[in-house]
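S.K.: My request is simple: use the sequences and hints to build the entire structure.
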Amino acid sequence: AQSVTQPDIHITVSEGASLELRCNYSYGATPYLFWYVQSPGQGLQLLLKYFSGDTLVQGIKGFEAEFKRSQSSFNLRKPSVHWSDAAEYFCAVGVHTNTGNQFYFGTGTSLTVIP
Amino acid sequence: DGGITQSPKYLFRKEGQNVTLSCEQNLNHDAMYWYRQDPGQGLRLIYYSQIVNDFQKGDIAEGYSVSREKKESFPLTVTSAQKNPTAFYLCASKPSRGSYEQYFGPGTRLTVT
Numbered sequence: 047a048q049s050v051t052q053p054d055i056h057i058t059v060s061e062g063a064s065l066e067l068r069c070n071y072s073y074g075a076t077p078y079l080f081w082y083v084q085s086p087g088q089g090l091q092l093l094l095k096y097f098s099g100d101t102l103v104q105g106i107k108g109f110e111a112e113f114k115r116s117q118s119s120f121n122l123r124k125p126s127v128h129w130s131d132a133a134e135y136f137c138a139v140g141v142h143t144n145t146g147n148q149f150y151f152g153t154g155t156s157l158t159v160i161p
Numbered sequence: 012d013g014g015i016t017q018s019p020k021y022l023f024r025k026e027g028q029n030v031t032l033s034c035e036q037n038l039n040h041d042a043m044y045w046y047r048q049d050p051g052q053g054l055r056l057i058y059y060s061q062i063v064n065d066f067q068k069g070d071i072a073e074g075y076s077v078s079r080e081k082k083e084s085f086p087l088t089v090t091s092a093q094k095n096p097t098a099f100y101l102c103a104s105k106p107s108r109g110s111y112e113q114y115f116g117p118g119t120r121l122t123v124t
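So the protein lines, in turn, are chains A and B. For the first sequence, our numbering gives the first residue as 47, with consecutive numbering after it. For the second sequence, our numbering gives the first residue as 12, with consecutive numbering after it.
Hint data in this document are derived by calculation from the structure and do not stem from the laboratory. A quick note: this is a predicted structure, and the numbers were derived from the prediction, not measured. Any given hint could be a false lead.
Claimed, not checked - Here are the simulated lysine-lysine pairs, DSBU-like style, with alpha carbons at most 30 Å apart:
#	chain 1	residue 1	chain 2	residue 2
1	A	K95	B	K25
2	B	K20	A	K95
3	B	K82	B	K68
4	A	K95	B	K94
5	A	K107	B	K20
M.R.: Written out as structure tokens, the structure is:
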């Protein structure tokens, strides 16, 4: 069965520090990979996505993610975190099934940014 | 502006009452989804619809019902059979059955007492 794992439930970083949020997936073929961000009480906003090609993808708000096939990972990074980055981050995997393309979400990582 | 609208933002109901959450999109998307979000559990799929007049159960459909009479609308009814209905509910859509990326509405927080 397909699964998405975000091993860190909660991360705290200082403003200006670098950030890496981990995401691992379990799927037979290369899936389509996504990172979403959710501010408190809001919907999800797409940060970036990977379908194919260059394994390092750039997204909005200065985020990037790298697909590593050998590790089944799609970790999200940002060189310098801003206080406004405090939010919940979700990794998601899109896979093809007989009933249509399905989405699977990780359980999320909550990011706290301290001054 | 194109997007997904969910109303109301906050909803309060007494236990034993059915309640319907609204989801409207003007993106001309074929597929629409309902998710439930609880703290520490991520998003769980309730129902989805790939096309008008057709919908499928997700992972936690018990106690919920939906309809898809119009392309732009996918209302979710939380029935009295749902054991623990208090949660944050998110509606999403995507262009077609073959696409992957989903677009989300702002959510409705339902509190049942």
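S.K.: Would you mind marking each hint as holding or not holding in the structure?
M.R.: Evaluation of the provided hints:
Taking the CA atoms of K95/A and K25/B, the gap is about 41 Å. The hint is violated against a cut of 30 Å. Between K20/B and K95/A the CA atoms are separated by roughly 28 Å; this keeps the pair inside 30 Å, and the hint holds. Distance restraint check for K82/B and K68/B: the Cα-Cα separation of roughly 18 Å lies within the 30 Å cut-off, and the hinted pair is therefore satisfied. The hinted pair formed by K95/A and K94/B fails the criterion: a straight-line CA distance of about 36 Å is larger than 30 Å.
Distance hint between K107/A and K20/B is fulfilled; the C-alpha atoms sit about 26 Å from each other, no more than 30 Å.
In this structure, the earlier hints numbered 1 and 4 are contradicted, and the remaining ones agree with it.
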